[in-house]
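The listed protein sequences correspond, in order, to chains A and B.
With this note's numbering, the residue at position 33 of the first sequence is 23, and numbering never jumps.
With this note's numbering, the residue at position 369 of the second sequence is 359, and numbering never jumps.
Hints should not be assumed to be uniformly reliable.
Identical copies look the same in the list; a pair holds intra-copy or inter-copy alike.
[Unchecked claim] Result set (SDA-like, lysine to any residue): computed pairs, CA atoms no more than 25 angstroms apart in a straight line: (1) Lys73 - Leu369; (2) Lys297 - Val336; (3) Lys363 - Gly3; (4) Lys253 - Asp406; (5) Lys73 - Ser373; (6) Lys287 - Tyr315; (7) Lys48 - Leu230; (8) Lys253 - Gly3; (9) Lys73 - Arg344; (10) Lys73 - Gly94; (11) Lys363 - Thr323.
Just so you know, these hints were derived from the structure itself, not from any lab.
Quick caveat: nothing in here was measured; it's all calculated off a predicted structure.
Number of protein chains: 2
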Amino acid sequence: MTSPDSAPSVDLGPAAALSCRECGHRVPLGPVFACEECFGPLEIAYDFSAYDTEELRKRIEAGPANIWRYAPLLPVPADVADKPNINPGWTKLVQADNLARELGVTGGLYVKDDSGNPTHSFKDRVVAQALEAARAFGFTTLSCSSTGNLAGAVGAAAARAGLRSCVFIPHDLEQGKVVMAAVYGGELVGIEGNYDDVNRFCSELIGDPAGEGWGFVNVNLRPYYAEGSKTLAYEICEQLGWRLPDQLVVPIASGSQLTKIDKGLKELIELGLVEDRPYKIFGAQAEGCSPVSVAYKAGHDVVRPQKPDTIAKSLAIGNPADGPYVLDIARRTGGAVEDVNDEQIVDAIKLLARTEGIFAETAGGVTVGVTRKLIENGLLDPSLTTVVLNTGDGLKTLDAVASDTGLTATIRPSLDSFREAGLGS
Amino acid sequence: MTSPDSAPSVDLGPAAALSCRECGHRVPLGPVFACEECFGPLEIAYDFSAYDTEELRKRIEAGPANIWRYAPLLPVPADVADKPNINPGWTKLVQADNLARELGVTGGLYVKDDSGNPTHSFKDRVVAQALEAARAFGFTTLSCSSTGNLAGAVGAAAARAGLRSCVFIPHDLEQGKVVMAAVYGGELVGIEGNYDDVNRFCSELIGDPAGEGWGFVNVNLRPYYAEGSKTLAYEICEQLGWRLPDQLVVPIASGSQLTKIDKGLKELIELGLVEDRPYKIFGAQAEGCSPVSVAYKAGHDVVRPQKPDTIAKSLAIGNPADGPYVLDIARRTGGAVEDVNDEQIVDAIKLLARTEGIFAETAGGVTVGVTRKLIENGLLDPSLTTVVLNTGDGLKTLDAVASDTGLTATIRPSLDSFREAGLGS
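Just chain A, same shape as in the assembly:
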């Protein structure tokens, strides 16, 4: 018997093994997500030992304008950029001077705008990773449970890769979301039940012969999938000129994105690609689904599940798997976790659009709103460099702003009517 590390059966680049986040137990790379010893979450362990810092930096800078520029740091084969995938990433880091003025930030404020991804949310990053893992493991169907952004990302990625896709959603989703998920031509199955029922069913399917050959991006491919969020950290630092920001404001759904951004920043420090100095990570939730924020404020280490009721549906996970890790990171780095209510979310969406021309999804309203609140509370230092994440696109959550966003005036097509309405220069 060979050791798990010495003979990985698949080529996923620098990925050496899966390692349990809780007990450190290592197993070979495979489509598993929970530790056989302690049921803790498995994550990718890498072998970066061969890298020379400056060679690596040059290799990255010469790479494609998408996440595959970081292939040496991801669980993907070295030739990943040549395979059909949706190639997300290298989205804009917008220098948000107008927003900074409104919020009183003097140390530099940036919005990492992931609405520029192929299906207009950060989910393209994680799905692109899961797709490579699915290929490596010989899966022929890409699947997931979803209520929105993820469904589109999986449908699009599978289409490009020539894999079958089968996405499970609650049967009573709004028609617009169904269309966005269905247009890529994969199978889209409505489950009579709520999102929890959909998830439970998917877990059942993984253990059944009917699910053989199926890669569920956020279940049995989760360790690979989750690594996609590291690329947000890489891009932010490279776009800042290989520099760590002082403060980051990151939305919390399952909490996975925030923990992987922290992992990515630590890797850049260890690899010598950025200077080793402190950074603070702040978590952002909607008040209507704020289990991590509530636990943070109460000083708890565990997260008590909530029943979500918020317009920020892409963040509405009442029982976030990575909640305890998020609490640890926020406390360890000197950050915090905060939440805003629906009205504040809408105000923040409009603020970002009005100041920077970026139309964010409700999740972007959450991070911008929380940034404002953290400054008011004195928890976020406006004199430090701050990066706020927008992880999705306002076109997908038009309803959130529709009720009070409309015409300034209605006039007849005449100069008289124009002047009567007080519209002149």
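The hints should help you fit chain B onto chain A, whose structure is shown.
Here is chain B on its own, set in the frame of chain A:
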């Protein structure tokens, strides 16, 4: 009196003057769009004489991942990348192997996917140019008439630049489009009338003191605005490895985009950045608004206006200003102009989504549908390298595909129900 060329009053980089497309009369750079001699359209005349080919290529390749990498070839100041703008472009050129197989293209098929722009349409390219011209001329309000994509692009660009915006639309637009245009916080004025009434009113406003200081991106800033489409040609060639494609399929609304793509390709040849060899440009229209296609097929040089009736609303210009130029280019290059009906547009949207994971606006359905038709007709050679433009995002025209895009099946959350529906692997 100095000659118009010797003393441009504004710094717009290599732009030397405005030149009439019909009679060649030159005037200094300014916010004018029609020749004072013959009423022909004015366009930008450049001075590229100082460029060394290889130095220029290196300068472009070292530039930012947006249209400003081509600043040396555009009417913008050299430091344009440092000013607040929405920085569109450098969108993906997707190697569409799956679509190629379906269409029988063997020479290489690519989709230039402009849904990746900041407000998810190619309009960001032209508005970003107009914004720079507006700044150069000291305008304080950015304006336009629009029924959709342009309104959002103007609103977003003005917000980023800190200019006032005032956009005019027909008062009875669908609520979704109104929200997309209004969210950026500028003034959005509904005009009681149709799009023609809106346009007429805008022309009146330009001549009135009430419109002083206003830059209408597609009227008095049109010569600058239109140049933005050249960047599509530049990017396509650079992304192909500084190579001309053999064939391009471009949508026709006013026809400006197609004529400027031709201009961009010719500039690259003249500058030595690509090899001088033939290329064919094909124009694509919707049957319900096909004045150029009708004229092309009839062998006419003039275009007879139509009353538009098509789901491809972003292409629904019944009296396209650049129609005659488009006819000339299609004939001169050995291309053609073709049209597809609404059903074919929807089929093509789905085909592109299913094969490449790209969810296109109706305009993208038009170009993909026309590509298919041109191959069937023998007018487009499937053995040659072909680039098809997708100029917008499917999220903005969900209604076009909503009626027959939905759930594959609805099941109970049980394996039995799953198997009964025939969904197993």
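25 angstroms Cα threshold - placement of Thr323 relative to Lys363: within (19 angstroms within a copy, 59 angstroms between copies)
Alpha-carbon proximity between Lys297 and Val336, which holds within one copy, between copies, both or neither at 25 angstroms: The answer is within: 21 angstroms in one copy meets 25 angstroms, while 40 angstroms across copies does not.
Alpha-carbon proximity context of Lys48 and Leu230, limit 25 angstroms: both (16 angstroms within a copy, 23 angstroms between copies)
Intra- versus inter-copy proximity for Asp406 and Lys253 (alpha-carbon distance at most 25 angstroms): Neither: 62 angstroms inside a copy, 41 angstroms across copies.
25 angstroms Cα threshold - placement of Ser373 relative to Lys73: The answer is between: 23 angstroms across copies meets 25 angstroms, while 44 angstroms in one copy does not.
Identical-chain pair category, Lys287 with Tyr315, by Cα at 25 angstroms: within (15 angstroms within a copy, 66 angstroms between copies)
Within, between, both or neither, where Lys253 and Gly3 count as close if Cα-Cα is 25 angstroms or less: within (18 angstroms within a copy, 44 angstroms between copies)
Within, between, both or neither, where Lys73 and Leu369 count as close if Cα-Cα is 25 angstroms or less: Neither: 44 angstroms inside a chain and 31 angstroms across chains, both beyond 25 angstroms.
Homomeric proximity label, Lys73 with Arg344: Cα distance no greater than 25 angstroms: between (39 angstroms within a copy, 17 angstroms between copies)
Identical-chain pair category, Lys363 with Gly3, by Cα at 25 angstroms: neither (42 angstroms within a copy, 43 angstroms between copies)
Within, between, both or neither, where Lys73 and Gly94 count as close if Cα-Cα is 25 angstroms or less: between (45 angstroms within a copy, 21 angstroms between copies)
Comparing the model with each numbered hint stated earlier shows that hints 1, 3 and 4 do not hold.
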